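Peer 1: Can you build the whole structure from these sequences, using the hints too?
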Amino acid sequence: MNEATPLTLAALGGVVSERSGVVNIALEGMMLMSAFTGYVVAFQTHNLWLGVLAGVLTGVLIASLHAALSISLMVDQIVSGFVINILALGITGVFFKGFLQEASVAGPGVLPTWQIPLLSKIPVIGPILFIHQPITYAMLLAIVLIQFLLFYTVWGLRTRAVGEHPLAADTVGINVYAVRYVAVILSGGLAGLGGAYFSLQQIGQFLPNMTGGRGFIALAAMIFGKWKPLGAFYACLLFAGAEALSGRIQITGVHIPFQFLGMLPYLLTIIVVAGAMGRAVAPAADGKPYRKA
Amino acid sequence: MNQRSRALLAAVLLPVISVIAGFVVAGLAVALSGSDPWQSFYALFQGAFINPRALPETLIATTPYIFLGLGVALGFRAGLFNIGAEGQFYIGALFGVFIGYNLHGLPAIVHILLALLAGILGGFLWAAVPGILKARFGAHEVITTIMLNYVAFALVNFLINNGPMVDKASSAPRTPYIDPAAQLPILASGTRLHAGLLLALLAIPVIWFLLDRTTIGFRIRTVGFSPTAARAAGISVAWTLLATMGISGGLAGIAGADEVLGVSHYMPPSFSTGYGFDAIAVALLARSNPWAILPAAFLFGALSSGSRFMQFQTQVSADVISVVQATVIMFIAAPVLFQWIFRLRRAPAPAIKIASETEGAAL
Chain A
1 MNEATPLTLA ALGGVVSERS GVVNIALEGM MLMSAFTGYV VAFQTHNLWL
51 GVLAGVLTGV LIASLHAALS ISLMVDQIVS GFVINILALG ITGVFFKGFL
101 QEASVAGPGV LPTWQIPLLS KIPVIGPILF IHQPITYAML LAIVLIQFLL
151 FYTVWGLRTR AVGEHPLAAD TVGINVYAVR YVAVILSGGL AGLGGAYFSL
201 QQIGQFLPNM TGGRGFIALA AMIFGKWKPL GAFYACLLFA GAEALSGRIQ
251 ITGVHIPFQF LGMLPYLLTI IVVAGAMGRA VAPAADGKPY RKA
Chain B
1 MNQRSRALLA AVLLPVISVI AGFVVAGLAV ALSGSDPWQS FYALFQGAFI
51 NPRALPETLI ATTPYIFLGL GVALGFRAGL FNIGAEGQFY IGALFGVFIG
101 YNLHGLPAIV HILLALLAGI LGGFLWAAVP GILKARFGAH EVITTIMLNY
151 VAFALVNFLI NNGPMVDKAS SAPRTPYIDP AAQLPILASG TRLHAGLLLA
201 LLAIPVIWFL LDRTTIGFRI RTVGFSPTAA RAAGISVAWT LLATMGISGG
251 LAGIAGADEV LGVSHYMPPS FSTGYGFDAI AVALLARSNP WAILPAAFLF
301 GALSSGSRFM QFQTQVSADV ISVVQATVIM FIAAPVLFQW IFRLRRAPAP
351 AIKIASETEG AAL
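So the sequence lines, in the order shown, correspond to chains A and B.
Taken in order, the first sequence gives residues 1 to 293; the numbers are from our numbering.
Taken in order, the second sequence gives residues 1 to 363; the numbers are from our numbering.
A hint or two may mislead.
[Said to hold, decoys possible] Take a look, some chain A residues computed to stay more than 10 Å from chain B by CB distance:
1. Ile91
2. Thr113
3. Leu149
4. Thr153
5. Leu157
6. Gly173
7. Ala244
[Unchecked claim] Restraint ranges, calculated between C-beta atoms of paired labels, are given here:
8. B/Phe137 / A/Thr153: 49 to 59 Å
9. B/Thr273 / A/His46: 29 to 39 Å
10. B/Ile216 / A/Thr153: 49 to 59 Å
11. B/Ser270 / A/His46: 30 to 40 Å
12. B/Ser5 / A/Ala68: 47 to 57 Å
13. B/Thr214 / A/Gln44: 40 to 50 Å
14. B/Leu198 / A/Ala168: 48 to 58 Å
[Said to hold, decoys possible] Which residues of chain A face chain B? A partial, calculated answer using Cβ under 8 Å:
15. Leu69
16. Leu89
17. Gly90
18. Gly93
19. Phe95
20. Phe148
21. Ala220
22. Met263
Treat the hints as calculated values from the structure; they're not laboratory data.
Model, not experiment: these values are computed from the prediction.
Glycine residues also receive a C-beta, built at the ideal position from the N, C-alpha and C atoms.
Peer 2: The structure is reproduced here in structure tokens:
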């Protein structure tokens, strides 16, 4: 569940963004930047919550850049996402070396674990669901919220309409650009929270490239979950499980090369994208810039 | 000024201004992180050109960028976004090193050729997977190539860390050294500059010829321009995509093998420092023009070798070149941004169009 937290948050971000028709391979960069700023703010203010907030805001900021580049400036969405990923790697690398490397002796610590009274005492599911750190709770909440927002509200309907057929949506008076901006920015906020997980909930430190490609696993989970919040969550649990298992095998020294388990998420995704196991269908206008006539 | 020379000027000016902008943004980042940007960039320049052996090292780094940049650019021309160059580079190196250390007693020329061909084969096969998936099932190559990168890293990690390709005589996880006969000859004594550079320089006209003067090149460009039109004209889009992906992978593969045969002479598990990803930037900077790959690759080679010295000399992280790269691509890919900043009447050149029209995409 812990490993699945940042994956799920990023995957939810992917779902929201792609449902509106904007491919977001920048999730990785957003998480990395947020992990960094979250840590810096928490370190400077000695307040972990401000750190989390800074992480989310960073995600929002970078998502705005992605939105501006890909929606307004019509940069290819993949190029834009790619740019953001290397930019995040570069900036965090430079500032890490400039500031943090010496300073990171005594970090701000990690977010506390919250036990929900009574509920956590339920056998079996109690400890699984109700003894967690805050970002994990936020993740669980976000799944429900995004599922509800996307499929049971006018906003969700509009977002999905824009992702499927922007011209039609435009014709009936929906502002395609505005809808996409909102979706991408929300996506950034979610990824930002996911990024804060790494530095503030998991280890209480920032390390260069600490997200280690999890933004891409999240992307895989999103596809595996067929662009649905709940589906993406299950996929994240599966992928996180594979990762945890490969770690454990490495320790016990069973003679299955642990790397093969590590490949699992990627191979599963390839199989799913190729259309086996029930075809995963992307939103029809996913990846296509919309140019208002 | 007539239309043609204006277009040429724009084609030169845009990249140059983009690179300058890249350094300005990176300089700001360096200044904000508490270092002196002038001093850092001077160290970068020293490390790339001035120091003893700096230029050969820059050329060594340029070599894989040429191969990989050509590969990615070729993909772009067909509307394919090959983010998998890094993985194909790894597999190419893996195949190359395998031939390199398993065969003995061959004449050097034969051994080198075999190992390079093995590298091409490795990259080709690894790229053929997303190629087939795209051509047959419409699976979007961006997703499949990203995923295959990670599969390649894990595979290489397994084979070289705890698998059959470990050199048991070494304490560090790596493959055995390749046979001396498989080593690429050194071009200038006292340096590490190897003959791979010549191969890379040779690859540029070859790819240009392929793209501009052959039927397959015409097909590639037509499919990239409009798959629908290509199909209407009787071109098999699926085969063209598959072939493009394969050749692109082959170029990445030879880059990997070349790196093993020319520089390291063995293969460690973490083999590349992201050459395959930088290559995407190289191809974008060159606007997918094979000739323009040369200056673009040289720039990236200089950045890469210079940044190592800079990191050593000043307290500035070598990651700063990622900031330069990101800014450059942003400018190149967004002519509107360029236009807006410099208040030009018209965009200097059309935007790069990638994969936006490929059909059956399931990203």
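Peer 1: Are the hints correct? Go through all of them and say.
Peer 2: Each hint tested on the structure:
1. Ile91: The assertion about A/Ile91 is violated, with a minimum of 6 Å to chain B.
2. Thr113: Correct as stated: the minimum Cβ-Cβ distance to chain B is 31 Å, above 10 Å.
3. Leu149: 23 Å, holds
4. Thr153: A/Thr153 clear of chain B: closest Cβ-Cβ about 25 Å, beyond 10 Å.
5. Leu157: Fine: 22 Å to the nearest Cβ keeps A/Leu157 off the interface.
6. Gly173: 26 Å, holds
7. Ala244: It holds; A/Ala244 is separated from chain B by about 16 Å at its closest Cβ, greater than 10 Å.
8. B/Phe137 / A/Thr153: 49 to 59 Å: 34 Å, violated
9. B/Thr273 / A/His46: 29 to 39 Å: 36 Å, holds
10. B/Ile216 / A/Thr153: 49 to 59 Å: At roughly 51 Å between Cβ atoms, A/Thr153 and B/Ile216 fall inside 49 to 59 Å, so the hint holds.
11. B/Ser270 / A/His46: 30 to 40 Å: 36 Å, holds
12. B/Ser5 / A/Ala68: 47 to 57 Å: 33 Å, violated
13. B/Thr214 / A/Gln44: 40 to 50 Å: About 60 Å separates the Cβ atoms of B/Thr214 and A/Gln44, which means 40 to 50 Å is violated.
14. B/Leu198 / A/Ala168: 48 to 58 Å: Distance hint for B/Leu198, A/Ala168 holds at roughly 56 Å.
15. Leu69: 6 Å, holds
16. Leu89: With a minimum Cβ separation of about 5 Å from chain B (threshold 8 Å), the hint on A/Leu89 holds.
17. Gly90: 3 Å, holds
18. Gly93: This interface hint holds because 3 Å falls under the 8 Å limit.
19. Phe95: 5 Å, holds
20. Phe148: 25 Å, violated
21. Ala220: 6 Å, holds
22. Met263: For A/Met263, the interface hint holds, since the closest Cβ of chain B sits about 5 Å away, which is under 8 Å.
In the structure shown, a violation is registered for the earlier hints numbered 1, 8, 12, 13 and 20, in ascending order.
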